[in-house]
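Mind docking chain B on chain A? Use the hints.
Listed below are the residues making up each chain.
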Amino acid sequence: MLIETRGLSHTYMPGTPFQVEALKRVTMSISAGEFVGIIGETGSGKSTLVQHFNGLLKPTGGEVLFEGNNIWTGEMNLRGLRSRVALLFQFPEHQLFEETVFADVSFGPRNLGLGGRELDERVRFGLEAMGLDFSAFKDRSPFQLSGGEKRRVAMAGILAMRPQVVILDEPTAGMDPRGRRQFMEQVSRLHREERLTVILVTHNMEEVARLAERLFVFYHGEMLLQGRPADVFGADSLIKDTGLEIPPLSELLQRLRRQGKGVRTDIFTVNEAAQEVLQLYRKECV
Amino acid sequence: MSGMHSITLGHYLPGNSLLHRFDPRAKLLSLLIIITALFLVNTFNGMLFFVFFLLVAFFSTNLPWRYFLRGLKPVLYIVFFTLVIHVLFTKGGQVFWRFGMLTIEERGVYLGLFMTLRLILLVIATLLVTLTTTPIAFADGIEFLLRPLRFLKVPGHEIAMMMTIALRFIPTLMEESDKIRKAQMARGADFESGNVFRRAHSLVPLLVPLFVSAFRRADDLAVAMESRCYHGGENRTKMRQQQITALDYLGVLTACGIAVAIVFTGV
Numbered sequence: 001m002l003i004e005t006r007g008l009s010h011t012y013m014p015g016t017p018f019q020v021e022a023l024k025r026v027t028m029s030i031s032a033g034e035f036v037g038i039i040g041e042t043g044s045g046k047s048t049l050v051q052h053f054n055g056l057l058k059p060t061g062g063e064v065l066f067e068g069n070n071i072w073t074g075e076m077n078l079r080g081l082r083s084r085v086a087l088l089f090q091f092p093e094h095q096l097f098e099e100t101v102f103a104d105v106s107f108g109p110r111n112l113g114l115g116g117r118e119l120d121e122r123v124r125f126g127l128e129a130m131g132l133d134f135s136a137f138k139d140r141s142p143f144q145l146s147g148g149e150k151r152r153v154a155m156a157g158i159l160a161m162r163p164q165v166v167i168l169d170e171p172t173a174g175m176d177p178r179g180r181r182q183f184m185e186q187v188s189r190l191h192r193e194e195r196l197t198v199i200l201v202t203h204n205m206e207e208v209a210r211l212a213e214r215l216f217v218f219y220h221g222e223m224l225l226q227g228r229p230a231d232v233f234g235a236d237s238l239i240k241d242t243g244l245e246i247p248p249l250s251e252l253l254q255r256l257r258r259q260g261k262g263v264r265t266d267i268f269t270v271n272e273a274a275q276e277v278l279q280l281y282r283k284e285c286v
Numbered sequence: 001m002s003g004m005h006s007i008t009l010g011h012y013l014p015g016n017s018l019l020h021r022f023d024p025r026a027k028l029l030s031l032l033i034i035i036t037a038l039f040l041v042n043t044f045n046g047m048l049f050f051v052f053f054l055l056v057a058f059f060s061t062n063l064p065w066r067y068f069l070r071g072l073k074p075v076l077y078i079v080f081f082t083l084v085i086h087v088l089f090t091k092g093g094q095v096f097w098r099f100g101m102l103t104i105e106e107r108g109v110y111l112g113l114f115m116t117l118r119l120i121l122l123v124i125a126t127l128l129v130t131l132t133t134t135p136i137a138f139a140d141g142i143e144f145l146l147r148p149l150r151f152l153k154v155p156g157h158e159i160a161m162m163m164t165i166a167l168r169f170i171p172t173l174m175e176e177s178d179k180i181r182k183a184q185m186a187r188g189a190d191f192e193s194g195n196v197f198r199r200a201h202s203l204v205p206l207l208v209p210l211f212v213s214a215f216r217r218a219d220d221l222a223v224a225m226e227s228r229c230y231h232g233g234e235n236r237t238k239m240r241q242q243q244i245t246a247l248d249y250l251g252v253l254t255a256c257g258i259a260v261a262i263v264f265t266g267v
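Protein sequence lines, in the order shown, are assigned to chains A and B.
Position 47 of the first sequence, counted from 1, bears residue number 47 in my numbering, the numbering being contiguous throughout.
Position 31 of the second sequence, counted from 1, bears residue number 31 in my numbering, the numbering being contiguous throughout.
Extracted from the complex, chain A is given alone in its bound form:
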C-alpha cells in the first residue's frame, strides 16, 4: 500500500466553542499507480482528509501511513514526503509569487536542493506536461497570464518536483469546459504514461466517473462508500443519501434499465453511451 489511513480522525479547534469534528475514524488505502476519486458534498471532510496524506495536518486521532510507515513517528522527513506526495490546492493560481514563470515553477525543485541542468529539465517537464511551451512561457510574469494558464503553471510547479502521487483538490473549479477537459486529459496522460498516482477531489461526478478507477464517498466526515464508479453510481447505491448526484449518463442509462431495456449501466463516456443507446434504438425501433 502506498498511502493508508487507520482510524484517522481530525477535530478542528478542540476544546473551544468552535470545535468541529471534520473526520471520523477513516480507514482507507490507496495503491501505487491508482487513479482514485474522493467525492462528497461541501464540508464532508474531503479537503481535510487529503491534507493528512502529505502531513500538512496532524491527525487528532488514528494514523497515516506512507509505504507502511507512520508519517508522524520515527524518521519520516515531512519535507521529503511532501515532494513525493504533492498537493495542488483549490484555486492554485493564488499561490504564484515569483517574477517569472520559470522562477515560480522551479520553487519546488529548488527547495529540494536542485539546480543547473537538472532544474531546467524539471521545469521543462512540468510546463510541457501541462501543454505550455517552455521557451514561450519561462520568462513571462505569472501575473500576466490568463486564469487557465496560471492554473497550469501552478500545476507545473507541482509536477516539477517529480512526485509519485499528486493530490488535486478540485483542480478544475471555475474553468471553462474546454480548459477543464484539456487539464484533465493532461493529468490522465501523466497517470497512464508516467504511472503517476492521482487522488482527485472533485464535485464533478461526470469527470470522476470517467477517470477514476476507484471512488471514496464522504459524508459528514465519514467514509460512507468505496468502490468502482460503476458500483458507487449503481442503481442500488447509497450515493443519493449523501446529497450527491449521479452522473447524467448513469441517470439516463439507469432510467432506461428501469423501463426494462437491456442496456449496460457501467458506462461513463459519451461515445460508449451513444453506442449503447443507438444499439437499443436499432433493436427496438427498426
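Please note that the accuracy of each hint is not assured.
[Stated by the list, open to error] Capping the alpha-carbon separation at 27 Å, the derived lysine-lysine pairs in DSS-like fashion look like this:
id	chain 1	residue 1	chain 2	residue 2
1	A	283	A	261
2	A	240	A	261
3	A	58	B	179
4	A	138	B	182
5	B	73	B	182
6	B	73	A	24
7	B	182	A	24
8	A	58	B	182
9	B	179	A	138
10	A	24	A	58
11	B	91	A	58
Treat the hints as calculated values from the structure; they're not laboratory data.
Below, chain B alone, put in the same frame as chain A:
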C-alpha cells in the same frame, strides 16, 4: 474549504446574558468609564473591588472560562515583561536581593504586581465587551461615540466602516494565509528553520500571494459597495435601530457608580 478553522481571540460568542443584551453604545461608554477608573485607582483595596466586580460580570455572561482564559494568553508576555521591568528597575524601600548592578526592592515588587494586575483587569474588561458584542454592533457603538467629534471634522462613520471591514476580513485573511502557507509547504517551503534573515526571506512566497489576494478582495468589495450606491454616512439609515432602554441607562449608571465609589475610596 469551508469553515473558519482559525478564529481570532476575542471573537464574539453568541449568548443571551445581560451583558450580551446591553446596548453597544452604553456598553462601550461603560467600558470607557471602567477603564478610566482602573487607571485612577492606586490602592490594592480598590483593585480587589475591581476584581470582584469583573468576576461578577464574567459569571453573569455564562462565557466558557477556558476559552476566556485563552483570550488572555497573548497579553501574558507583555504582562510578564512589565513585571520584570518594574521588579528590577524600580527602586525604593527594603532591598530583598542584590546581584551586582541588579537589585530587587520593595517598591519595585509592589509596583510590579500592581501594574500586572491593572493590565490583566484591563484586558478582562475589554474581552468582556468584545466577546459579548457583534462586530457590527461594536462599530455602530464607535460611530455613535465619535459623533460629538463631528465638529472637529472627525469622520466617525468612515472610521466605523473601516473598522467593520477590517474586523470582517481578519478571519478571511487568516484562512487565506493558512491556505497559502500550506500550499507553499506542499512545494517544500520551509518557514521554520534558519536565521532571522533566511526566515524573513522565506516569507516572500507567503506575503506576495497574500497581498495580491488582499488587493483583489478590496477591489471586489469596492465594486460591490459602489454597485449598491454606497456613499458614506450622510443621511444613511440603519437596518437595526438600536433602542436605548431603561436597562441600558441603569448599566451606565452602575458603571459610573462603581467607578466613582472606587475612585473616592481607593485613591
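Violations among the numbered hints, reported as their numbers in ascending order: The structure breaks hints 6, 11; every other hint is satisfied.
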